[in-house]
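Asker: Chain by chain, the residues:
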Amino acid sequence: MRKDELETPYQIMDPAGKMLGAMPEGLTNQKLLEWYRLMWEIRYYSNKTVALQRQGRSTTWGPLNGQEATAIGMGAVLQPQDWMVGSYRDAGAYMAKGYPMKALFYYTRGFSIAPELVGQDKRCLPYQIVLATQTLHGVGIAMASRIKKENAVTMIGVGDGASSEGDFNEALNFAGVFKAPAVIVLVNNGWAISTPRSHQSAAKYLMHRAVGFGMPGMLVDGNDVLACYSVMKEAVERARHGEGPTLIEAVTYRHGAHTTADDPTRYRDPKEVEYWMQRDPTLRLKNYLVEQGVWDEEKDRQIREEVESYVNEQADIAYNHPTPGPDGMFTNTYEKLTPRMLKQREELRRELNLEAEVK
Amino acid sequence: MRKDELETPYQIMDPAGKMLGAMPEGLTNQKLLEWYRLMWEIRYYSNKTVALQRQGRSTTWGPLNGQEATAIGMGAVLQPQDWMVGSYRDAGAYMAKGYPMKALFYYTRGFSIAPELVGQDKRCLPYQIVLATQTLHGVGIAMASRIKKENAVTMIGVGDGASSEGDFNEALNFAGVFKAPAVIVLVNNGWAISTPRSHQSAAKYLMHRAVGFGMPGMLVDGNDVLACYSVMKEAVERARHGEGPTLIEAVTYRHGAHTTADDPTRYRDPKEVEYWMQRDPTLRLKNYLVEQGVWDEEKDRQIREEVESYVNEQADIAYNHPTPGPDGMFTNTYEKLTPRMLKQREELRRELNLEAEVK
Amino acid sequence: MTLTATKLTIIEALNQALATEMERDQRIVLLGEDIGKNGGVFRVTDGLQARFGEDRVFDTPLAESGIIGTSIGLAVNGLRPIAEIQFAGFMFVAMNQIVSQAARIRTRSAGMYHCPLVIRAPYGGGIRTPEMHADSLEGVFLQTPGLKVVLPSSPYDAKGLLISAIEDPDPVIFLENIKLYRSFKQEVPPERYTIPLGQAATLQEGSDITIITYGAMVPVSQQAAHKVQEETGASIEIIDLRTIWPMDEEAIIKSVTKTGRAIVVHEAPRAGGVNSEVVSIINDNCLYSLLKPVARVTGYDTPFPSPGLEDSYIPTVSRVVKALRQTLED
Amino acid sequence: MTLTATKLTIIEALNQALATEMERDQRIVLLGEDIGKNGGVFRVTDGLQARFGEDRVFDTPLAESGIIGTSIGLAVNGLRPIAEIQFAGFMFVAMNQIVSQAARIRTRSAGMYHCPLVIRAPYGGGIRTPEMHADSLEGVFLQTPGLKVVLPSSPYDAKGLLISAIEDPDPVIFLENIKLYRSFKQEVPPERYTIPLGQAATLQEGSDITIITYGAMVPVSQQAAHKVQEETGASIEIIDLRTIWPMDEEAIIKSVTKTGRAIVVHEAPRAGGVNSEVVSIINDNCLYSLLKPVARVTGYDTPFPSPGLEDSYIPTVSRVVKALRQTLED
Ligand SMILES: Cc1ncc(C[n+]2csc(CCOP(=O)(O)OP(=O)(O)O)c2C)c(N)n1
Ligand SMILES: Cc1ncc(C[n+]2csc(CCOP(=O)(O)OP(=O)(O)O)c2C)c(N)n1
Ligand SMILES: [Mg+2]
Ligand SMILES: [Mg+2]
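Protein chains in written order, with the working numbering: chain P, 1 to 359; chain D, 1 to 359; chain A, 1 to 330; chain Z, 1 to 330.
Keep in mind the hints are simulated off the structure, nothing from the lab. Beta carbons: idealized from backbone N, C-alpha and C, even for Gly. Heads up, some of the hints might be wrong.
[Unchecked claim] To spell it out: a stretch of chain A is covered by chain D in this simulated footprint if at least three of its residues, at any positions, have a beta carbon under 8 Å from a beta carbon of chain D; those stretches are:
no., segment
1, 54 to 64
2, 96 to 102
[Stated by the list, open to error] Think about it this way: if two alpha-carbon atoms lie no more than 30 Å apart in a straight line, the pair counts; the simulated DSSO-like pairs of lysine-lysine are:
no., chain 1, residue 1, chain 2, residue 2
3, Z, K254, P, K336
4, P, K179, Z, K292
5, P, K271, A, K37
6, Z, K292, A, K258
7, D, K204, P, K179
Chain P on its own, in the form it takes in the complex (with noise of 0.2 Å):
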């Protein structure tokens, strides 16, 4: 199936949660109710930082909100030895990938990541700020996979704004020359910052830049869950069979600001908003789970309660956990410190005695 013709996104569910296609293969209802959770997990995970972040506690940090299907899309079709690579926008489909809670929320803090809190190497690299330049570093680890035969896809996250940054392009053409076994999701959620995706590109469809780098393109709708997944399995597929990369874009939403440090109002039409929190991937899926009648409002306030408890212990595991020094900006900087950094961290260290002494 070729979506590169679609005029609409691909659909499987409507927003009313009313199946249009069938249901993909292997899913059941028991999956989709882990989705479900999942969904919920990432949400409140976003909203307890941003909670975390009014407090002081937390650095500048982007919502995920409405973004939830297009994450659980791109980390369930994943398997472990998979790579994830995307943007700070995608860290819902790094928990999708398996990466623990916790190691994001301890990053939230405002350090690099802990290693010791990601446990096992779950190859997702640390999720990128610099715009566009991880889909560079994704289709390179996916040219390794290929040119040491490991079986293995690297799933590529980028938002529709960083889409114009030259990287992006670069990286389609590498993707495109070295059949990289790679899945590049453009996650168009409307708006970079202030900037509409109308204005972003002059092209209907952004995953129109395909053709012109010789890979499938599709589209996809971004908020509904079973089209993410259908979509980007068979790009997962064909890109562990040797066939080469493909290019989806999800079309979905940003439901909050861009930032903590933004105010989408100066830019934004409320009832843009209002017309996209009717299309919120969670409650389509919690439509269809109800009309299977696997689902009532009793439970959804059951779990929604346990995740919440679940986010808070996460958090808290995170934000008590030991933090480096203040003079630890030199370690990793190389495997072995140059004589120079071990002559400025004396240095620092010794200022840092100082300090009580001057003030």
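Following the hints, put chains D, A and Z with the ligands in place on chain P, whose structure we already have.
Answerer: Coordinates of chains D, A and Z with the ligands only, in the frame set by chain P:
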């Protein structure tokens, strides 16, 4: 006429010079004879520079042979108020726009351009060495024309290899978003030094990039001067009428080495060169003109002699033109030299006087 | 009507400078990410799109090389672009367009074309921004000839220097310290005035030691100087470079020749930074006046750290105090 | 069978180093523009694709950011990429991937991932190359922490340093001077050997003055030293830094403490260049030993000029002679 669905490059005249379509409006035999002469001017200009390089007088030179039809198309469709922004390989297009040959020759000596040889501003940016960077300059120039409401179009030349650079893609995107009155001609001469077009991108045609940036893409036989003219003219008219940019891929061939420092026998099959020599743009136009009864071998011999001596004259002017003194690197760094630079220039001047003494 | 000076933050002063100049010179256009409706993430361009229209103040797609590359074209074709890079750390994305293009248009074309382009970018740490949002890049530009580099430390200077940068016929990198953006207000005359690029300001005169600094380290240096003056009675001269390229060598030489002692304070990494060039200028011109080694109080030679560690990376008052004391010792 | 040393150019020595290491370590892959069939525009990778196959030596599309960005991915995923940038001047195109990415993978991931990447690039003037083909970028990397920067001046060093760079678990910028590439041959042992990064070489000992230099300025400095020795009998020490980051401070300090006089010679622009850092290291550590200002013999603070003017930009023997003479005066 949208040509972005074409599977083969658009032609008006086949390689034997036989007409496949109608003569573009406004073109007379007179005009074609002018172009035919211009083709030889470009070719002899390039050959002469190779000869000068062999004598150690020109710096490294990238021959233009084979690409004359594309170059003439690019230049001939422009008006004086229009801009030309190309790479080192677009020198022929500069000539077709009216840039004096002697000014181009001067530059091959290894100095910045000599404005006095250019005469009045020809609205041609010095051709670019750093791949694809000029595409952004060209789009910016076009954006300025639009903002100033000037009726000027910018013609941008870029190579097949350069099309892989991030800057090229960013240029297409900006052009699309800002509806820049620009025509981007992707001069696909089959090779980027030793890298064949097929390895440059997995896309079937490079002009397929256009759809991903929301603009028309066209594919043209770059050795057919009529087709080039026709397609480029149409694109320039679109731009001039506020309908935005166009990407045109002109399929041509680099007959010679990448530069005087390159040895194409290391990577290129001589049969391929032979194939393309039969598609030589001069040959094609000559065949047509002979067929029309306005040309013969004797005239051909004559005009080539004339052109040769013209080219030699131009080279003489340029190679006898005064050059900057050895402290010329300070000139034009800023409008006004800084105190530090004045000091350094003094330092250098003192040192140049000392040179003799020390040796 | 007489205009009276109002107290403005650096952000407000910059906004005023932009408005004033855009009013005067129709060629000026502003471009960058989120500078239109949103007024820039720090609001430096607040209200300017509404006032001057979308042809003169426009948001670009997210592509820094694209922003600078098209700005070069705008400049060559007769406009006066002022490009905003959302955070200076992202100038690395555009480095080629800045260094190999903007800085060389005039030389390359032997003066036929030039590039009157101002690149504005916030920089510097201290407010817990994410990775690459706090890096100080000015030192990099010492090794990339053809540019001018300005770093104001006060609202008054910010306005006067920005107007000079806009007037300048060559590309100017205009770096705005994030921490200083709103940290204090100062009287800023509402009328147009300029402060020449390449001229340092002597913030206080002194005879025992010179502090050479700029940007966010100006108030830090002032506090440290105050403390050491109180403590030791030393007479401390403070020079705010304001423009690090061209650098005001005269001011440095004159002061150090007088005081015989100097410290250089900045937040950027140490190796090959502005401090190294200042030390070298002293070496070249007034080494024999120097009584003690010049102390270098700077960021460390590590990547700018995670926000949780930045406080021990950025020079503090106590580090400057310590350097002053040591350099004042016999 | 005993292997005997053969006389090789730097190009041949580098080619040998690459072949040796690729043989030993299957993780090594080479990528860049025209490095495969064509063997690189300077033939450093000549024959390697034929020998090791297209999976280990491959041409990329023309995109420098793409080359470094994908190399980072290759490195993170267990390979040992050696990327060629066709000319160092084009590293500006990839600057963001080099500085904000390669240099920070280890810090960003707290050591979970690292980036064993070598970026090779020819640099330097003297053979009339076009714009941006001759620029010396090493000074820029002093202000971009997280990298190591190597610039060999001889075939022997080139091989030993490249092997060390390949072995190094962190990103290394390996800059190869174009003019030296084929300018002389030297005996190079065929077996594997390494030269530690961060160690300068004292090319000749002396007691009156120290020349601190590297790259193409090594032979220029040697000739100048020879001339001045003959002329004045002065005893001149020559230090070839070889690695400019980390810089061998010990070697500089030891020598200048002994000689009391120094000149620094390089081709890159002066302001904030390697010379400035050397002067600063002397200031920090042995200022009181210094009898005269350190002389700075460098490129000027202008863009590297057009090929027709490069001879007066690049430091010459006579400029070095003059600096030596002046610095030797009482
Ligand atoms: C190279 C670069 N330029 C600018 C920024 C500042 N910035 C951070 S997020 C953002 C908007 C990104 O939009 P998009 O790619 O659509 O992702 P989203 O935030 O919507 O998920 C910008 C401009 C950056 N981080 N990196
Ligand atoms: C940014 C950059 N990278 C590499 C080079 C070196 N280089 C010069 S020409 C060339 C090949 C260009 O091929 P193409 O764009 O197809 O143009 P052509 O030479 O075929 O006209 C390369 C790699 C350069 N000049 N600039
Ligand atoms: Mg977005
Ligand atoms: Mg080509």
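Asker: So which of those numbered hints doesn't the model satisfy?
Answerer: As far as the earlier hints go, only 4 is violated by this structure.
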